[in-house]
Amino acid sequence: MKKFLTIALVIALVAIGIVACGGEEKTPTPAPVSVEGGLPASAMEIAAARGLTPDDIAAALKTYTPSGKVDEYLLFMSGGHSGNVIVAGIPSMRILKNIAVFTPESWQGYGFGSRESEQILDAGNVNGVKIRMGDTHHPALSETNGDYDGEYLFINDKTHARVAVVDLRDFETKQIVKDPLLISAHGSTFVTPNTEYVVQASQYNTPLGWEYAPISEYKEKYRGTITFWKFDRSKGRILPEESFAVEIPPYWQDLCDAGKLASDGWAFCNSFNSELYTGGVAQGNPPFEAGVSQRDMDYLHIVNWKRAEEVIKAGKYETLKGMKVIRIPTAAAEGVLYLAPEPKSPHGVDVSPDGKYIVVAGKLDPHVTVYSIDKIKQAIADKKWTTDDYGIPVLDFDAVMHAQVELGLGPLHTQFDDQGYAYTSLFLDSAIARWKLGGDDPSAYALVEKTPVQYNVGHIAAAEGDTVSPDGKYLVALNKWAVDRFAPVGPLLPQNIQLLDISSGQMKVIYDMPMGIGEPHYAQIIKTDKIKAWDVYPEVGWDPIAQAPSKYATKAGEERVVRNGNQVEIFMTSIRSRLTPDHIEIKKGDHVIWHITNIETAKDATHGFQLGGYNISLSIEPGETTTFEFEAVNDGVFAFYCTEFCSALHLEMMGYMFVQP
Amino acid sequence: MTADMEKLLGPRVPADELKAHRTRYLIPTLIFAAAAILIVISMFLPYWSLTLHAPQYPQGLKVVAYVNQLQGDVAEIDGLNHYIGMRRLEEAAQFEMQVSIFAITGIALLILAAIFVHNWWAALLALPGLLLPFFFLADLQFWLANFGQNLDPTAPLSSSVKPFVPPALGVGKIAQFRTEAYPEIGLWLAFVASALILIGLYFHRRAYKPLVDAQKQAAKAVERA
Chain F
-2 MKKFLTIALV
8 IALVAIGIVA
18 CGGEEKTPTP
28 APVSVEGGLP
38 ASAMEIAAAR
48 GLTPDDIAAA
58 LKTYTPSGKV
68 DEYLLFMSGG
78 HSGNVIVAGI
88 PSMRILKNIA
98 VFTPESWQGY
108 GFGSRESEQI
118 LDAGNVNGVK
128 IRMGDTHHPA
138 LSETNGDYDG
148 EYLFINDKTH
158 ARVAVVDLRD
168 FETKQIVKDP
178 LLISAHGSTF
188 VTPNTEYVVQ
198 ASQYNTPLGW
208 EYAPISEYKE
218 KYRGTITFWK
228 FDRSKGRILP
238 EESFAVEIPP
248 YWQDLCDAGK
258 LASDGWAFCN
268 SFNSELYTGG
278 VAQGNPPFEA
288 GVSQRDMDYL
298 HIVNWKRAEE
308 VIKAGKYETL
318 KGMKVIRIPT
328 AAAEGVLYLA
338 PEPKSPHGVD
348 VSPDGKYIVV
358 AGKLDPHVTV
368 YSIDKIKQAI
378 ADKKWTTDDY
388 GIPVLDFDAV
398 MHAQVELGLG
408 PLHTQFDDQG
418 YAYTSLFLDS
428 AIARWKLGGD
438 DPSAYALVEK
448 TPVQYNVGHI
458 AAAEGDTVSP
468 DGKYLVALNK
478 WAVDRFAPVG
488 PLLPQNIQLL
498 DISSGQMKVI
508 YDMPMGIGEP
518 HYAQIIKTDK
528 IKAWDVYPEV
538 GWDPIAQAPS
548 KYATKAGEER
558 VVRNGNQVEI
568 FMTSIRSRLT
578 PDHIEIKKGD
588 HVIWHITNIE
598 TAKDATHGFQ
608 LGGYNISLSI
618 EPGETTTFEF
628 EAVNDGVFAF
638 YCTEFCSALH
648 LEMMGYMFVQ
658 P
Chain A
40 MTADMEKLLG
50 PRVPADELKA
60 HRTRYLIPTL
70 IFAAAAILIV
80 ISMFLPYWSL
90 TLHAPQYPQG
100 LKVVAYVNQL
110 QGDVAEIDGL
120 NHYIGMRRLE
130 EAAQFEMQVS
140 IFAITGIALL
150 ILAAIFVHNW
160 WAALLALPGL
170 LLPFFFLADL
180 QFWLANFGQN
190 LDPTAPLSSS
200 VKPFVPPALG
210 VGKIAQFRTE
220 AYPEIGLWLA
230 FVASALILIG
240 LYFHRRAYKP
250 LVDAQKQAAK
260 AVERA
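In the order they appear, the protein sequences are chains F and A. Residue numbering for the first sequence follows my numbering, beginning at -2 and increasing consecutively. Residue numbering for the second sequence follows my numbering, beginning at 40 and increasing consecutively.
To be clear, the hints were calculated from the coordinates, so they are not data collected in a lab. The beta carbon of each residue, even a glycine, is placed where N, CA and C say it ideally should be. Incorrect hints may have been included.
Label pairs and their calculated CB-CB ranges [what the hints assert, rightly or not]:
| # | chain 1 | residue 1 | chain 2 | residue 2 | range |
| --- | --- | --- | --- | --- | --- |
| 1 | F | ALA55 | A | PHE83 | 30 to 38 Å |
| 2 | F | GLU536 | A | ALA93 | 20 to 28 Å |
| 3 | A | LYS212 | F | ASN191 | 37 to 45 Å |
| 4 | F | LYS529 | A | PHE83 | 28 to 36 Å |
| 5 | F | LYS584 | A | GLY209 | 33 to 41 Å |
The calculated DSS-like cross-link candidates involving lysine-lysine, where the alpha carbons are at most 30 Å apart (straight line), are [as the list claims (entries may be wrong)]:
| # | chain 1 | residue 1 | chain 2 | residue 2 |
| --- | --- | --- | --- | --- |
| 6 | F | LYS529 | A | LYS212 |
| 7 | F | LYS380 | F | LYS321 |
| 8 | A | LYS201 | F | LYS527 |
| 9 | F | LYS216 | F | LYS59 |
| 10 | F | LYS374 | F | LYS66 |
| 11 | F | LYS527 | F | LYS584 |
| 12 | A | LYS101 | F | LYS600 |
| 13 | F | LYS600 | A | LYS201 |
| 14 | F | LYS227 | F | LYS548 |
| 15 | A | LYS101 | F | LYS552 |
| 16 | A | LYS101 | F | LYS66 |
| 17 | F | LYS66 | F | LYS127 |
| 18 | F | LYS600 | A | LYS212 |
| 19 | F | LYS433 | F | LYS341 |
| 20 | F | LYS341 | F | LYS381 |
| 21 | A | LYS212 | F | LYS66 |
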């Protein structure tokens, strides 16, 4: 017995010894500071040496994000006439990504040969003209029950009336659709509460569908639309054939918003040229800026899109250039379209989180004007309306207007928080106004405070501040002018994107972020943990457009070159640190179709690919299969190589393409 | 039961003796059965893991060994190993992995068989089960040495990473990687089974030795007569 027990004991000791060896050696992490202990003297010395005020120190502590820590929120900003979307973190305001959408971008391999990106961009070509730029204005994150779901992002191109879809699994553009009726469209993109539709409104009206008509026929022939682009979430695509448009008068529409909760089924768009002014400076007329600003009231457009769906289903539409259009007389007669007076050339129309109130920011009027959806519905039921020159019901202003608050000069755009406050940018005052939403009681609506921002603030974005459940905490002011805020970089200055702390008491600017790669117009702020982005593509040999395995996927060992007449098809793989095959033999005049599969599975093991002399630049993320094509117009010996410093042997990751004369 | 069978399998327990001392005979039976069950369960669990730590892999790279397969970041580790000229991990211990399920099932059956063998042959039947975890570790160390010692001399990093022997257990260092190799739950179960077999053999001996001795005495008595 004793002997056996001894042996058992030895085994147990060996086991314990093995476990004990397994203890990980970890470097101790410094302890966080405590309120009682206060800041170390060295921190106060730094603050004093840099001349920081207590507010500066508080701002620094609120925004500094230690190495390795991830931001709480993501900020999706339009890039303006850079034609892209910029993603940054909040509160650090670090730029994380510049998503190429309408403009080619070589680092992402977007629009420099890759067949996938060229096809997306070509779908946005306009009447046979190759378009490789855009003017992005208003990003819209997809929503479920009026709240961001983190799946898709929509972004418009004002210049060409286009809408793009970005898939937030890989943060890449998947689709561009061109509105066949409009030249340009500003009031876009806004999604309905379950992303049934992406709403887009025209701005500078023209004859619909690329027709010609002289400006003298403006009132009769020029028109706009509010387009409802149907989105298919399972496909991740807009379906133009299931989309429709509501024809509207040439009042120069501005921003829109989709109703939610109490106002679900409705959409609202502002306008600023109810004057129907047509310019003509050379004929002695005032310039547009004066001509369109004569009347004290313009028209809030109110669209019942659920009613519009029924009208479409009933077949009461015309098809113009492939788009179903509900004409103005039908829209007016069928209860699809109403107008309501609004002061004066307003910019933003924003629906409150409960969906009950619609806030119109006056721009040329110092008020925000609050409409009630209940009062709108009541006025419609009571037929309290006159009609405009196009026969559209114009609801009685006093019947639908719920409250007005005087905020200051140039109110542009409104966001909301979780404390019952609204925030409105004041362009001329260069300030943000915080004001109380008074609910049912019109007299309870009141200005609370204003805080200056630097300078000429356009849109603002609060954390999830245009959803059914805003978070408060942070507000971003998208300022148009930076003037003196940054070191000199020549006459084209960065935009100044400012972060404000709105969590308590007085609003405070806590960060100035120079934006030197675009002009953000609007932005949305989403909680980081709502984004479920992939680390690498789900399978090696992935087609990121179909979001499915690619038929051109090439496995290690199956690399090959297939010649068929003068067409050469190459199946290549990339992995640290080689491109296989590394010799490509072709002849001048060959048509080359070249597939590359990045067979890496490790996070961040992206390989780039550039082929000098043929304008090819690719970014092939782990698992991705991509394709490019070209005519071998020049003979010679060409080098291709991996452009992303991928490993210690990155420089060795190259190959030669021999083009025989 | 014939006398020949008793000679081979050891003496049977008389019915009245079994009735009188049921626990004495039940204990080795239960312990052996438990050991066999643990070994069978262990086949479906990981036996060993190797984790590689380097600055650019903050989560580490982990390869997990089952008796019949490798799992985890095998592709990534293979990718890195090509720099030092190490063969692909799937080439290691191919024979062992192919036969492991049959062999270990056999080992478990032998342990169960030992329950019914009441002489010293029982120890022999239980021996493979007793040695299983030690054999696993020895074979592992053999393959680690085999791989570490046979690096492709034309590999890119052959001048800076010389042939080496990674430890089967504990901490090692290869280029910028710190390696940590530990037993996993399957191997622990095999060790527990090993210990159970030892203990079971003790109780087996305590139960059946008197019967064997009595049998021998009786045989001698017959001879003398």
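Comparing the hints with the structure gives:
Our hint of 30 to 38 Å for ALA55 (chain F) and PHE83 (chain A) is violated, since their Cβ atoms are close to 56 Å apart. For GLU536 (chain F) and ALA93 (chain A), the hinted distance range of 20 to 28 Å is satisfied, since their beta carbons lie about 26 Å from each other. At about 55 Å, the CB distance of LYS212 (chain A) to ASN191 (chain F) disagrees with the hint of 37 to 45 Å. The supplied range of 28 to 36 Å is met by LYS529 (chain F) and PHE83 (chain A), whose beta-carbon atoms lie about 31 Å from each other.
For LYS584 (chain F) and GLY209 (chain A), the Cβ-Cβ distance of about 59 Å falls outside the hinted range of 33 to 41 Å, so the restraint is violated. For the proposed pair LYS529 (chain F) and LYS212 (chain A), the alpha carbon gap of about 36 Å is over 30 Å, so the pair is violated. Distance check on the hinted pair: LYS380 (chain F) and LYS321 (chain F) sit about 28 Å apart at the alpha-carbon level, within 30 Å; holds. Proposed proximity of LYS201 (chain A) and LYS527 (chain F) is contradicted: the alpha carbons are some 47 Å apart, above 30 Å.
Between LYS216 (chain F) and LYS59 (chain F) the CA atoms are separated by roughly 54 Å; this puts the pair beyond 30 Å, and the hint is violated. A hinted pair counts as satisfied when its Cα atoms are at most 30 Å apart, and LYS374 (chain F) with LYS66 (chain F) does not qualify at roughly 49 Å. At roughly 51 Å between alpha-carbon atoms, LYS527 (chain F) and LYS584 (chain F) are farther apart than 30 Å, so this suggested pair is violated. The straight-line distance between the Cα atoms of LYS101 (chain A) and LYS600 (chain F) is roughly 14 Å, inside the 30 Å bound, and the hint therefore holds.
Of the pairs offered as hints, the one joining LYS600 (chain F) and LYS201 (chain A) holds, with about 28 Å between alpha carbons and a cut-off of 30 Å not exceeded. About 29 Å separates the Cα atoms of LYS227 (chain F) and LYS548 (chain F), which keeps this hinted pair within 30 Å; it holds. Note on LYS101 (chain A) and LYS552 (chain F): the hinted pairing holds, with a Cα-Cα distance of about 23 Å set against a maximum of 30 Å. Between the alpha carbons of LYS101 (chain A) and LYS66 (chain F) the distance comes to roughly 24 Å, so the proposed pair stays at or under 30 Å and holds.
At roughly 43 Å between alpha-carbon atoms, LYS66 (chain F) and LYS127 (chain F) are farther apart than 30 Å, so this suggested pair is violated. Straight-line distance between C-alpha atoms of LYS600 (chain F) and LYS212 (chain A) comes to about 23 Å, which keeps the hinted pair within the 30 Å bound. Taken as a hint, the LYS433 (chain F) and LYS341 (chain F) pair is honoured in the structure, with Cα atoms around 22 Å apart against an allowance of 30 Å. Between LYS341 (chain F) and LYS381 (chain F) the alpha-carbon distance is near 22 Å, which keeps this suggested pair within the 30 Å criterion.
Restraint check for LYS212 (chain A) and LYS66 (chain F): the C-alpha separation of about 29 Å stays at or below 30 Å, so the hint holds.
Hint check: violations occur at hints 1, 3, 5, 6, 8, 9, 10, 11 and 17; the rest are consistent with the structure.
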